[in-house]
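> So the chains spell out like this:
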Amino acid sequence: MTNHEVDALIRRIGGGDRKAFAALYEAYRTPVYFYALRLTGSPQKAEDVMQETFLAILNGSKGYTERGKGAAWIYTIARNKANDLFRKERKEAPLSFAEALAAPPPEWDGYPQMLEALNDKERDIVILRVLCGFTLTEIARHKKMPKGSVFWSYNNAMKKLKKYLQEEGESHV
Amino acid sequence: MYRNVKKELKRQAAEKTPAPSGALASFLREETQAPKCRYRTRPNLQKRTVAAVLAVFAAVLAGLGVFRISGNLPEAPSSETQQYNHAPIGLIVVSAAGTQAEEAVSIPTHPDFTMELPVKGLLAVERLADASEESKLAAEHSINGKMREYLRYTDADCLTYRVKTKSMTNVTVGYGTVNTFILCGLDTEALETIRISLEGFGAMEVEPAGGEPLNASNYLYDRELVITKSQFERWYRDPARLQGTALFTYWDVSGQMLVMLNAEPELPLSFFHADVTFTVSYTDGESQSFHVKITFNDRGEMCAVYKK
Chain A
1 MTNHEVDALI RRIGGGDRKA FAALYEAYRT PVYFYALRLT GSPQKAEDVM
51 QETFLAILNG SKGYTERGKG AAWIYTIARN KANDLFRKER KEAPLSFAEA
101 LAAPPPEWDG YPQMLEALND KERDIVILRV LCGFTLTEIA RHKKMPKGSV
151 FWSYNNAMKK LKKYLQEEGE SHV
Chain B
1 MYRNVKKELK RQAAEKTPAP SGALASFLRE ETQAPKCRYR TRPNLQKRTV
51 AAVLAVFAAV LAGLGVFRIS GNLPEAPSSE TQQYNHAPIG LIVVSAAGTQ
101 AEEAVSIPTH PDFTMELPVK GLLAVERLAD ASEESKLAAE HSINGKMREY
151 LRYTDADCLT YRVKTKSMTN VTVGYGTVNT FILCGLDTEA LETIRISLEG
201 FGAMEVEPAG GEPLNASNYL YDRELVITKS QFERWYRDPA RLQGTALFTY
251 WDVSGQMLVM LNAEPELPLS FFHADVTFTV SYTDGESQSF HVKITFNDRG
301 EMCAVYKK
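If you read the sequences in order, they're chains A and B. Following my numbering, the numbering of the first sequence begins with 1 at its first residue and continues without gaps. Following my numbering, the numbering of the second sequence begins with 1 at its first residue and continues without gaps.
Just so you know, these hints were derived from the structure itself, not from any lab. Since we're looking at a predicted model, the values are computed, not measured. Keep in mind that the hints are not guaranteed to be accurate.
[Stated by the list, open to error] Derived pair list, reagent style SDA-like, types lysine to any residue, alpha-carbon separation capped at 20 Å:
(1) K16(B) with K159(A)
(2) K19(A) with R148(B)
(3) K143(A) with Q12(B)
(4) K16(B) with K144(A)
(5) K144(A) with Q12(B)
(6) K159(A) with Q12(B)
[Unchecked claim] Stretches of chain A that chain B covers, calculated by requiring three or more beta carbons in the stretch to come under 8 Å of a beta carbon on chain B:
(7) 10 to 18
(8) 22 to 33
(9) 76 to 87
(10) 101 to 113
(11) 158 to 164
[To be verified] A few chain A residues that face chain B, going by a derived Cβ cut-off under 7 Å, partial list only:
(12) Q44
(13) E47
(14) L118
(15) V130
(16) H142
(17) K144
All C-beta atoms, glycine included, are put in the ideal place defined by N, C-alpha and C.
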């Protein structure tokens, strides 16, 4: 979904289109949840942030001025909601966007099982790329890694996951 | 290439994503028939056909022993063709965003060896109707569409689709960032210098490895780059990749190109070209070099040819 398509959905949500909201929710609930998990380090808090984010989208979409940055707008709301949560608990503010990307993923036993086939570095890149929705170039920039290294690790990780799935498939035959 | 992997991973992740609760759940419940993804991937027969043809082509060439396809290092030449004291350096091209494929080309011993490289890159230019933000957004939108079609992104990939774009007064210029040329198989013990020279348009870029922060000393972006052994060891060598014998380089659009396109928006994109020479020198006086000739067709599609 391009940013312009996200813009169009948000505009329709502002006009009261429930189907548009359901479509946006379906497309972004997982990326927002994993992004919030990255920011807060807690599955419970990530769930709260996700809920609050989509309610804020619902309420704030009328005031959204179309700028071709729909995805960034959604992630900004998620970050603000994480900040609110931390403020409420009088704790230190969560990580910034760049810091959240640079930091290792929080320990959690709920990650998809297939990610166990990867080492820490590969798992981190795959989570950021496939689940949080960042581009490989963004990941390279924020993690201060060479683009080629990120491309390489991502490609290796995908090969491992492909093999893992094939073996899984064979074991179920 | 990895569509099923990503799909399965997203499916598993979606299962781990908590269901909505409270007011959000109530709101969504009323929308019982939420539409499924509106942006479905269309069958791509053309892509499969091209992949099949390339696979056959690669198999034939591999059978002839001309080159090897893999992420591995190139093999040393046989004793009959050995001309170097050091193992021949190789070149790997990262050829598509999101779903990469690499081809390693070892330095051949035939002096006239040429080969078309499987790069994927698109240079796109949109003339701006006026200098308003709306015009620039429309131009970026159009460039995004071209990139998407050219790179054959799946619609799921489009969720995170990005292209480098630069808007000036008359035009917006965009370039898909798929332009990686990796030198591999370097004999790092005996290395003296790696020289990268570019003639034509654009510039070459080298970034440090190992999470080093970019600064004026270690981030290289120019038409002529020389990397000494000590610089390579300090900034660019990554022992974790290709046994620490690789240097990652990138071709990028230059300021000169942007100025030219802004001054003359109708300039054919085939006007742009670059000849990049990679030369590796060793302390015993041996030197290995090869060229990559970069051209664009009128549609802005990048072509790269490896030439000994």
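> Confirm or reject each hint.
Checked hints:
Straight-line distance between C-alpha atoms of K16(B) and K159(A) comes to about 23 Å, which puts the hinted pair past the 20 Å bound. A hinted pair counts as satisfied when its Cα atoms are at most 20 Å apart, and K19(A) with R148(B) does not qualify at roughly 26 Å. About 26 Å separates the Cα atoms of K143(A) and Q12(B), which puts this hinted pair outside 20 Å; it is violated. Pair hint K16(B) plus K144(A) does not hold up; C-alpha atoms about 29 Å apart against a cutoff of 20 Å.
This hinted pair does not check out: K144(A) and Q12(B) have alpha carbons roughly 29 Å apart, beyond 20 Å. Distance hint between K159(A) and Q12(B) is fulfilled; the C-alpha atoms sit about 18 Å from each other, no more than 20 Å. Figure legend: the stretch 10 to 18 of chain A, annotated as covered by chain B; annotation inconsistent (1 residues with Cβ-Cβ distances under 8 Å, at least 3 required). Against chain B, the stretch 22 to 33 of chain A contributes 9 residues with a C-beta closer than 8 Å to a partner C-beta. That satisfies the three-residue criterion, and the hint holds.
Judged by the Cβ-Cβ criterion of 8 Å, the stretch 76 to 87 of chain A is not covered by chain B as claimed, because only 0 of its residues qualify and three are needed. Only when three residues or more bring their CB closer than 8 Å to a CB of chain B does the claim for the stretch 101 to 113 of chain A stand; here the count is 4, and the claim holds. Given a C-beta distance limit of less than 8 Å, the hint that chain B covers the stretch 158 to 164 of chain A holds, as 3 residues qualify and 3 suffice. For Q44(A), the suggested interface contact is broken, since its CB lies about 9 Å from the closest CB of chain B, more than 7 Å.
Evaluation of the E47(A) hint against chain B yields a held restraint, the C-beta minimum of about 4 Å falling below 7 Å. The restraint placing L118(A) at the interface with chain B is violated, with a minimum CB-CB distance near 11 Å, outside the 7 Å limit. The interface hint given for V130(A) is met, as the beta carbon of that residue sits about 5 Å from the closest beta carbon of chain B, less than 7 Å. Look at H142(A): its Cβ only gets to about 11 Å from chain B, farther than 7 Å, so that hint breaks.
The interface hint given for K144(A) holds, since its Cβ lies 5 Å from the closest Cβ of chain B, which is under the 7 Å cut-off.
Hints 1, 2, 3, 4, 5, 7, 9, 12, 14, 16 from the list above are not met by this structure, while the remaining hints are.
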